[in-house]
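Protein chains in written order, with our numbering: chain A, 1 to 358; chain B, 1 to 272.
The set of hints was computed from the structure by calculation and includes no laboratory data.
Among the hints, erroneous ones may be present.
To be verified - Here chain B is said to cover these stretches of chain A; the calculated rule only asks that three of the stretch's residues, wherever they fall, bring their Cβ under 8 angstroms from a Cβ of chain B:
no.: 1; region: 10-23
no.: 2; region: 189-203
no.: 3; region: 264-278
Beta carbons: idealized from backbone N, C-alpha and C, even for Gly.
The lines below spell out each chain.
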Amino acid sequence: MLYREAGDFKTSYAADSQTFPIAFDRYRYWAVLAVAFLVVPFFVNDYWANAILVPFLIYAIAAIGLNILTGYCGQVSLGTGGFMAVGAFACYKLMTAFPDVSIVIHLILSGVITAAVGAAFGLPSLRIKGFYLAVATLAAQFFLVWLFNRVPWFYNYSASGQINAPERTVFGVPVTGPNTEAWAQYLICLVFVTVCAIIARNLTRGTQGRTWMSIRDMDIAAEIIGVNPLKAKLTAFAVSSFFVGIAGALFFAVYLGAVEVGEVFGIQKSFLVLFMIIIGGLGSIFGSFAGAAFLVILPVALKLVGVDLLGWPTDLVAHLQLVIIGALIMFFLIKEPHGLAQWWRVAKEKLRLWPFPY
Amino acid sequence: MKDTVDSYVTADGRTIGGVMMEMRNITLRFGGVKAISDISFDIREGEIRAIIGPNGAGKSSMLNVISGFYHPQEGEVWFRGAKRPTMKPYQVAQQGIARTFQNIALFEGMTVLDNVMTGRLNKMKVGMFGQAIWKGAAEREEVENREAVERVIDFLEIQAIRKTPVGRLPYGLKKRVELARALAAEPKLLLLDEPMAGMNVEEKEDMSRFILDVNDEFGTTIALIEHDMGVVMDLSDRVVVMDYGRKIGDGTPDEVRNNQDVIDAYLGVSHD
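Turn these sequences into a full structure, and let the hints guide you.
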């Protein structure tokens, strides 16, 4: 049969702790990567890139980041939008201050800067938990947006208060600015999402992941086995913010090109990414992708069905979308806190035994 | 330090070494309540030391003092010949003291294997960047520690549930997994807070066997709190008896059994 682990024996502990222990999963992973890198770039057009693929990839990075903090380490954060703004503005300042340095380095540095800011805002997490921490991160969200609005240095004293991405190239191909081709946008995001996902997976399957999860599941017991809670939480905030910062930088530089901070990185963005990981699955890298895909595709699909097919007014469909997302959040929180990723896992377990019940 | 030198051999042929941990005049107060008043005792290298007493005697508080959750207002803790400064629990763990809890404190969302692997966090030194790359140092370290963990898993006979999430296990097995996590750290001193609580006779027998085997094979020093007198008297080399935060007896099981204060505390005494 297709999906079997029978006969797929492991003879070393290294083989047992790999990312995809089942051979079929491994082949599927390579197939997806091959299609994403070698096939899609030749067919992607502006509509697909802008409406679905690029936002999906960028939100996937942000969702991975938040999932590390909330899903793996158990620290609720409502500051994602603010941290994305830090990434975006760090990228903008770096791009304008050092025009000769590669954009790739700028994007990574934006992540590093955001990591430092995230760790600073993570300091209260040692003392406060749950709702109270959520409120503290909410303060970070509003403070950061206010800061980028009010201090003209951040937007280089431009009259509109907007930041605009100048044109930058990778191997001679423009990836930011108005002349960017859809496939270039798509590819640079794809490279970043692939690397980020691999890093996140490596961190979460090993020592660091166990440290975070031990804090999430029972912080007292974590302390008794030798986990320094402050260090564990701060590293979670830093790593999480690193990914979120890169997502913010890509969102600004590659996807939008021009950003007004209050509009783009407001509280809605924090909630959107939080919904992604709730629907996708807390504590799962795959869930981050599933959630990002779901919430990016849902509005597009609704518009397609509602406006184009059924002829409903646009505002009705927009409101309907909010209702549906709200209902879904409640459904997932009550029925399936592990999200779409858990459905995927259950489906796989069933498939493994099919056609026998057990 | 007093009498650190003399070691002796027990009736069943185990060597008990010098003093490993010494509690000196420990007093612990919560506001006006004195949980522990002026208690001193020692734990010798390689022995099984029991702390017993009626409910509310301060046994668990004592264990919490040893593992760094509570900081006594008076008194000193000496560990391996040095006075221990005020320490956080994770620092105590790094010194080589592991423990289990009365009401199991496992990581419910993780598999048995991951739970036991957390016991070795202190032994894993590869930094974040090494782990992010995974290939090379991090993978090697993971495999080395996995081998050590598999030995503990074999020892405690929990191979079959390796990949099961802990939340799905029955109570008795959870207790065993918690012991496995503590053992994976290769502790010098192992603290067990009521390892037999809520178990049936068969499970108690299993657990007793594991405790004796741990002590015998790894030479781990064990301090345990237990209510089952039969178990305590059979397992331990020496017993401390506490009542109302005071120490009322200390010695071999036989000495303690015949101590009038201990009998009074357990059976009650008429006040006339």
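Structure-based check of each hint:
Evaluation of the coverage hint for the region 10-23 of chain A: fulfilled, as 5 residues show C-beta separations to chain B shorter than 8 angstroms, against a requirement of three. Look at the region 189-203 of chain A against chain B: 3 of its residues bring a Cβ nearer than 8 angstroms to a Cβ of that chain, three or more, so the hint holds. Coverage of the region 264-278 of chain A by chain B is violated [criterion: at least 3 residues with CB-CB distance below 8 angstroms; count 0].
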